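Asker: Going down the list, the protein sequences come from chains A and B.
For the first sequence, our numbering gives the first residue as 1, with consecutive numbering after it.
For the second sequence, our numbering gives the first residue as 1, with consecutive numbering after it.
It should be emphasised that the hints constitute simulated quantities derived from the structure, not laboratory data.
It should be emphasised that the depicted structure is a prediction, and the values quoted were computed from it without experimental measurement.
There could be a bad hint or two in this list.
[To be verified] BS3-like cross-link-like pairs, simulated, lysine-lysine; straight-line CA separation at most 27 Å:
id, chain 1, residue 1, chain 2, residue 2
1, B, LYS78, A, LYS51
2, B, LYS57, B, LYS78
3, A, LYS36, B, LYS57
4, B, LYS83, B, LYS42
5, B, LYS42, A, LYS70
6, B, LYS83, A, LYS51
7, A, LYS36, A, LYS51
8, A, LYS70, B, LYS83
9, A, LYS51, A, LYS70
10, A, LYS70, A, LYS36
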Amino acid sequence: GQQLNQSPQSMFIQEGEDVSMNCTSSSIFNTWLWYKQDPGEGPVLLIALYKAGELTSNGRLTAQFGITRKDSFLNISASIPSDVGIYFCAGRESQKLVFGQGTRLTINP
Amino acid sequence: EPEVTQTPSHQVTQMGQEVILRCVPISNHLYFYWYRQILGQKVEFLVSFYNNEISEKSEIFDDQFSVERPDGSNFTLKIRSTKLEDSAMYFCASSLDRGALYSNQPQHFGDGTRLSIL
């Protein structure tokens, strides 16, 4: 099956800073999604990307679907305390989602 | 906003016992999924279900696992004879469609059931 490599594994930033994380794959995905998971909860969809090269924003979040369809990045601008959590990228392979290992974001006030 | 609901939130079971995890998908959704997440690891696909049958399953989903949609609202995952390594968070998800190219109907997840096998 396909594997996603997500980096960085963890980030420690100051409130107000911008954040960038990315996912790469050795194979093509037709859909990329970014989810956020808070402790004790399920993944919550942030952004879905369907077309190669697509750039999509959701408030302070921006994500892009790489032109080769093998990578995606997620940017968070002007981070706030509630941005703390684990961010997962996921690629759709047939009917299933293949998840990355996650990026744990910690914000110092 | 409609959401996927899962019960119980935490299930503790003796090894070898059967366990049933329950999910109520979003009401107009047609595709249903189970995923699991072992503590500290990534989310892994188990099975997808459509039109009352399994449409895709992973190698994790062996003969001890089964899924069922017993009525018009519930979707269940049964683990027949639990093992210690079955301890994990189990997430149910649903989507309106299977996610065709350029579709805007992604999978939405419940908050999970934490399964602890003793």
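Asker: Hint check: LYS57 (chain B) vs LYS78 (chain B), CA-CA at most 27 Å. Holds or violated?
Answerer: Judged against 27 Å, a Cα distance of about 14 Å means the pair holds.
Asker: Next pair to validate is LYS70 (chain A) with LYS36 (chain A); report whether the Cα-Cα distance is within 27 Å.
Answerer: holds, 21 Å
Asker: Does the alpha-carbon distance linking LYS42 (chain B) and LYS70 (chain A) stay inside the 27 Å limit?
Answerer: holds, 19 Å
Asker: Are the Cα atoms of LYS70 (chain A) and LYS83 (chain B) separated by 27 Å or less?
Answerer: At roughly 36 Å apart (the allowed maximum being 27 Å), LYS83 (chain B) and LYS70 (chain A) break the hint.
Asker: Assess, step by step, whether the Cα of LYS83 (chain B) is no farther than 27 Å from the Cα of LYS51 (chain A), and give holds or violated.
Answerer: violated, 42 Å
Asker: Would you check the hint for LYS36 (chain A) and LYS51 (chain A), treating anything up to 27 Å between C-alpha atoms as holding?
Answerer: Judged against 27 Å, a Cα distance of about 21 Å means the pair holds.
Asker: Can the restraint linking LYS83 (chain B) and LYS42 (chain B) be considered satisfied, given a maximum Cα separation of 27 Å?
Answerer: Roughly 20 Å separates the two Cα atoms, so the pair holds.
Asker: Check the hint pairing LYS51 (chain A) with LYS70 (chain A) against an upper bound of 27 Å on the C-alpha distance.
Answerer: holds, 12 Å
Asker: Is the straight-line distance between the alpha-carbon of LYS36 (chain A) and that of LYS57 (chain B) 27 Å or less?
Answerer: holds, 24 Å
Asker: Holds or violated: are the alpha carbons of LYS78 (chain B) and LYS51 (chain A) at most 27 Å from each other?
Answerer: violated, 37 Å
The structure fails to meet hints 1, 6, 8 from the earlier list, while all remaining hints are met.
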